[in-house]
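Visitor: So the protein lines, in turn, are chains A and B.
Heads up: the first sequence is residues -14 to 407, going by this note's numbering.
Heads up: the second sequence is residues -14 to 407, going by this note's numbering.
Source of the hints: derived by calculation from the structure; they are not laboratory data.
Treat the hints loosely; a few may be bogus.
Note that identical chains are pooled: a pair holds if it fits in a single copy or bridges any two copies.
[As the list claims (entries may be wrong)] Below are the BS3-like pairs computed for lysine-lysine, each with C-alpha atoms no more than 30 Å apart in a straight line: (1) K17 / K(-6); (2) K262 / K343; (3) K190 / K225; (4) K256 / K(-6); (5) K262 / K113; (6) K319 / K407; (7) K282 / K343.
Here are the chains, one letter per residue:
Protein chains: 2
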Amino acid sequence: MSTITEMTKTELLARRAELQETYDSYKARGLKLDMSRGKPGAEQISISADMLTCVAADEYIAEDGTDTRNYGILCGIPEARRLFGEIFGVPADNVIVGGNASLTLMYDYLSTANWRGVCGGQPWASQKAKFLCPVPGYDRHFAITQFLGIEMINVPLSETGPDMDLVEELVKDPAVKGMWCVPMYANPAGITYSDETVRRLAALKPAAEDFRLMWDNAYCLHHIREPHDTLLNIYTEAEKCGNEDIVMMFTSTSKISFPGAGVGAMAGSPKNIADVKSRMTVQTIGYDKMNMLRHVKYFGDLAGVKAHMEKHAAFLRPRFDAVETALSRDLAGKGIAEWNRPNGGYFVSVNLMPGTAKETVRLLKEAGVVLTGAGATYPYGVDPADSNLRIAPSYPPVEELEVAMTLFCICAELAAIDKLLK
Amino acid sequence: MSTITEMTKTELLARRAELQETYDSYKARGLKLDMSRGKPGAEQISISADMLTCVAADEYIAEDGTDTRNYGILCGIPEARRLFGEIFGVPADNVIVGGNASLTLMYDYLSTANWRGVCGGQPWASQKAKFLCPVPGYDRHFAITQFLGIEMINVPLSETGPDMDLVEELVKDPAVKGMWCVPMYANPAGITYSDETVRRLAALKPAAEDFRLMWDNAYCLHHIREPHDTLLNIYTEAEKCGNEDIVMMFTSTSKISFPGAGVGAMAGSPKNIADVKSRMTVQTIGYDKMNMLRHVKYFGDLAGVKAHMEKHAAFLRPRFDAVETALSRDLAGKGIAEWNRPNGGYFVSVNLMPGTAKETVRLLKEAGVVLTGAGATYPYGVDPADSNLRIAPSYPPVEELEVAMTLFCICAELAAIDKLLK
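Build the full structure now, drawing on both the sequences and the hints.
Guide: This is the structure in structure tokens:
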């Protein structure tokens, strides 16, 4: 098979007509498929149904005797801090267990840093703060940074993580206050930071004392297939360099228990945790401890969570396989697209021929398939190459996904040919 | 009985010796009683136990078909917005249903106003913002304002609400950006704003366009005994004056269902709700909808909530009666204290002889009874008269409360005599 760039104009036009016909036939089917967000389907969520009944109404007492139904306990019940401590790989004392969203914990952390400062430092807003953003990345991270008026700087992400030479150079600017990291099964690239990357991040000596790695380990247990990726513990590595204040870690059970009613948590050094508590003690009387207790009673410990995650993997594996199958079958060797084959997470990241991502999304939308918008994986919604698309295969049933992916490949090729014919 | 100020020094010394003896005997009992926070006791919370089982694991679907377990729905499921709309007395579209704490909704609102501004206005922090604080008031309100660096101005609270002549004068200062209000069964004063007060607040024309009444209607349904207080609907009144943007309303089910796992909500004009949503859409994917659904399924509608509140009242009534009984029996006519007899809410506010509140709290603490700290009901923790104390009778069992209140009266009288003898 020749790549598309090797084809003559006549060949391209012929192939185009063929694709257009298939596209039109799909369009006529009036599809309505959503691959826009990394949300599990209803059947997958039902895996956790027993959590809702695992604590009897009169048993909502924490191990320290706290009535979880009542007010109090700022940082979470002890057993929940311990469980998240296991997940993060840090002592329970370094953990704050929050509400149903780690995203809110991140927003609260950065918005407070922005107007108030970090650990007694000056407010970031008064220093024209900048943030490093590995790309492609998570649109909601970028939305927070943009909302707060923090300038975002793109840092290319490779198979081993962000370009560390560039990062080490950029942090010499004291206005650079932090960096977004989804270190495991990155959203959307699906890669996991290498040991060397983690060590270099842990050892960073930024000009800004209040520089923070926003370590969003959202997919830390979210393996799909063997071999599982492994991630070095950034906190342990940072501690070795006396650098433990550099990292704020986040995770949640959104994709472990219930996306809308899970438990979010954060972890950090004693200094950072004390700093966060000084705000939280004003902001809340305490997060939902009943939901925390449900989670701990249901999972027990880290081993329990891991066993549970295998059930999720069983749901996700055929979906990721369907994506891989369609891409390999319809696009491999054509010079149109490159993609990853992640071992976990929720996304497949596809790099199309530059200048064709928006058009691909448009064509798909016209045929009834909604994808995350082109550009969404970049700060300010601007992918300079107009190339990256994020496929979220978790929600649709496999058979619908197969249809959507076939159409995806048609649209990508159509867009590529149109680009070449221009 | 003569008031304490009419007694001779000899009489005072004799009474003092008598009181000291009783005090010492109580102290010897090694009491451990907590009247510091307005939290319900375990038995009272159990009233709502059936809420935890009223939705089967496979029935967590909202009326619009939303799977409440999954992501999404920024402002809350329709039925929850409708229920809180009934409670607030506004249309469901004017309501945002949040997480487990209205306090967090208030904090988020004010912190955003402070760094970002309200409805496109300038950040309050750039304008040396001030806030009006009816006193005595709620310590957690004051803590938020203080944390944000907003200057607090005391406004005396009477039986009819805040001193409106003073309020109308103070809002001529464009730096005055808002005012805390607990309009019904005020914390701690127990009074409810009169119709005239509500109308004057609704008609306020502050110099600051972005002035907001923080209308914390935490006790809107929290009657204890007949006659129930009634409160005019501030939103309706404000609308009549074309002034609906002036009020942000807050409430929660913390003292209706579970203090630690209830549902908080806010309401306001379309303009204000759109403003809040513009932040929330960055801050969260959505609050816990499963808990919202549990609440709606359990209560049904406003009538259901009201019926439920009668069960709470049955728990609280004997506790408030015990406080009233002790105060009347031991302090009435002595010129030592004045107190309210509220028809609802969670507190009894006691004004002691000026200069004796701190000493009373100290004496109580030494004997094992914890009260909210003296001064806590004032901004910056400073009660200029050192007179006001907040009694929270909900938590202890009645028999313990009777002991604590007897001791309270002893300590108040001891402190008063010592003050006179100085």
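Visitor: Hints first: check each against the structure and report whether it holds.
Guide: Hint by hint, here is what the structure shows:
{"no.": "1", "hint": "K17 / K(-6)", "in the structure": "neither (34 Å within a copy, 89 Å between copies)"}
{"no.": "2", "hint": "K262 / K343", "in the structure": "between (43 Å within a copy, 28 Å between copies)"}
{"no.": "3", "hint": "K190 / K225", "in the structure": "within (13 Å within a copy, 60 Å between copies)"}
{"no.": "4", "hint": "K256 / K(-6)", "in the structure": "neither (64 Å within a copy, 55 Å between copies)"}
{"no.": "5", "hint": "K262 / K113", "in the structure": "both (25 Å within a copy, 26 Å between copies)"}
{"no.": "6", "hint": "K319 / K407", "in the structure": "within (19 Å within a copy, 96 Å between copies)"}
{"no.": "7", "hint": "K282 / K343", "in the structure": "neither (46 Å within a copy, 44 Å between copies)"}
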